[in-house]
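Residue numbers (the working numbering), protein chains in the order written: chain A, 55 to 559; chain B, 266 to 588.
Because the hints were derived from the structure by calculation, they are not lab data. Virtual Cβ for every residue (Gly too), placed ideally from N, Cα, C. Heads up, some of the hints might be wrong.
Claimed, not checked - Here are the in silico distance ranges between beta carbons for each label pair: (1) B:L369 with A:A204: 42 to 50 Å; (2) A:A251 with B:P381: 24 to 32 Å; (3) B:L380 with A:G427: 48 to 56 Å; (4) B:F273 with A:G427: 27 to 35 Å; (5) B:F273 with A:R451: 13 to 21 Å; (6) A:T381 with B:G414: 33 to 41 Å; (7) A:G427 with B:L392: 30 to 38 Å; (8) B:L369 with A:S384: 51 to 59 Å; (9) A:V111 with B:R524: 42 to 50 Å.
Unchecked claim - What the simulated footprint calls covered on chain A by chain B, stretch by stretch (three residues with Cβ under 8 Å from a Cβ of chain B suffice, anywhere in the stretch; the number is not a length): (10) 268-282; (11) 449-460; (12) 542-549.
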Amino acid sequence: MADGTRTILDMRGIEKRFGDVKALDNVDFDLDAGEIHALLGVNGAGKSTLIKILSGVYTKDAGRIEIGSEACDLGTPRAAIGAGIAVVQQHPELVGDLTGAENIFLGHEGAAGGLFTRIDRAGLAARAEALLARFPIEIDLSRLVADMPAVDREIVAILHALRLENARILILDEPTSTLTEREKSSLFAMMRMLRAAGIAIIYITHRLEEVFEIADRFTVFRGGRNVACHTVAEARAKGLSIPNLMLGTGAGLTFPPRSSTPGDTVLEVEGLSCGEMFRDVSFSARKGEIIGIFGLVGSGVDELSKALFGVFRPDRGEMRLKGRPITLKSPAQALRAGIFLVPGDRRTEGLTLDENVTFNTTVANLSRASFGGLLRFGANRRAARALAGKVDLQPMRLDRSLRGFSGGNQQKVVIAKGLYRQADVYIFVEPTVGVDIGARSKIYTLMREISRDAAVIVISSDCDEVHSIADRTFALYKGVPIGGAARDTSRDTLLHAGIMGGVAA
Amino acid sequence: MISRQLTFRLLAFAALVAVIGLVFWSQSSAFASTGNLRSLMRHMSVQGLAALGLTFVIVVRHFDLSFPGIASMGAMTLGWLIASGLPLPVAIGGGLAVGLIFGLVNGIVVARLGLPDIVTTIATGGLAIGFSYFYSNGTSISQNFFMSGILDLNDRKIAGLDMPFAILMGAAALGAVLLHASRLGAGLYATGQNRTSAHFAGIPTRRLIVLAFALSGIGACLAITLLIASSGAANVTAGNQLLMPAFAAVYLGAALFGRPSIGATLAGTLLMSMMLNGFTLLAIPYYYSDAIVSTVLITAIAIFDPRVSGLLRRAGRRTGAAT
């Protein structure tokens, strides 16, 4: 570190595992007093895990944490607060029926004498004033939080986090996601003031342009490792590409060869729009090829996948399946029409975790799995075994509940479930999140195999995945499609389309 | 094919039956008499039918607190129809229809309108009790009972079994086919365990929840029909004794067998009926036996709860590792 800076937080060799997934792998991270430090990375890169260790929600498996050159254990949220760490969650939980001041001191009203003592409102107001004297911000804390604009609520949440005298590290998790541009600049003004007051801020965001606007330094996480840490000035001078740092190159992965012979058009989507979530999406998907849609979290890709599957109803636009217009009102209808979704969150949307492989494989097509209303146990077992073999399930245990399988093998069961359904259109959302390298290659191969007899659409926040597996690609940025599902879109074009709306880096 | 785990659970159940049986038998030799065992099975038949119906609601992870009230109204409807001189099948059908209608109302309100199940079913149960007073201002009905043949439901035998127990076995067989061998059953479990993924798998989750509540209402009214057949009169408080034993039976069975199922509910009902029967034999006042049933219920709920069972498993592993 340069002279004159004071390291307030020093994390060395932090490790955290969940089952067989390494969420943090020997991570170093440091923070200076009075700096705004952006923490970047795609979903699953390990940002949240690090924050949860810092806030005492998770305990680290290995590594050392020093705060103000004192070793800290941070085993519990209480210990983290005691160490001066203040966290503002992405969607702060405030009580709408209380005023700003009451929210700030919620649970710390300071009334001595037990449960039934009246809250000392004058004292509360005085303490709120004192806090505002430390951090001079234009805000009326006597208003009900429910009546406040989003940015004021954010400020209340920040003041709540900073209510304790000793708070010196502030963690902000995507605070701007619900703010307008004007609100954003008042939030940034507050952050600069906190920085001037000596508070160190860890700032998590998905909007890269904000890094250059507000941050002093940034750290990039990828796959549970700290892959880069630079000052913003340095990045500007060297012309570093943050998207490249975030996404890296898909080393160690093999992708099946692309197709050269697209067949009949199966699904046509024209001008599909759904409220604020996405607008004017048009593409067509053919047998024999894979369409790729790249979009970050919040870009509308997840909503788009659900609109294609009948979960959300689009308010404009048209879908045609094999030339015939269709209107989907429910997933059941989408399945009957021949559309299958491999959802992005397989644990909550794709699987019945307490049931076994046979049950999960057949559950999306119970009319095939039964005769006269009664389940065909023998036939279903045979079908499940055949499909489990096809997707290379490890271990091959049809009677085991899904909880006993790794993420990659759970995903293979979702794919087996889709194969049992024999659909014409398969939509894969984030097909390899939480999936180890070996299973990933297998899943890509399966997607390519499926595309021989059906149209395949892959939707992902992993640009390399989309670019490597798909034959034609486009990006969704803030709900708007960028690029027209062309065959020869380059990786960088796609990347910049999805991360910055198409502006070259 | 019986897995090792199931064998273990069956053995645990058999051991429980043996222990409870031996304890009561050692206190009162009348416990093992043929007469007492037959009355135990009658008691089990009534409780079992209510518990079977409730099982479906528990499988879809909802609650039904209305079935005792619905049963009371079913009882009074049945009694009134018999007293009015209608043929027995019509009267029984009328009683069961009450269960069906209230069950459908519960299901539609909970699944379609999304209102909370506990409050909704407390309200519909209260409503049903209110209606049950309409027929006779709350006095019990027994006119025509002797002539109608309803008492045969209690006294006759089928294939060597007392009629009530035969009815329970028949209902359990039907229930088992529905819940464990049909596509509806697969849908019910899928709905209960993960409603979103069931919805995404094209399963009509709302319709299945309505079905579960309807079966609960019908089960309760069938149970009360047997109770009327044994007591010879319909009264407005008939359903009150169903609530706790039914819940305890379902949860105790689920705790024993790892999940709610028809077999688990029958097992739970047998254990509950043995206990209640034993307490009666020993002349233990009902308020004590109620307290014991409640203790069993809360223990079973704790074991059925994944967090608690997880804790127990971890504690077991720790002690296992320590030794």
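Discussion item. Tell me the numbers of any earlier hints that the structure contravenes, in ascending order.
Written reply: Violated hints (numbers, rising): 2, 3, 6, 8, 9, 10, 11 and 12; every other hint is consistent with the structure.
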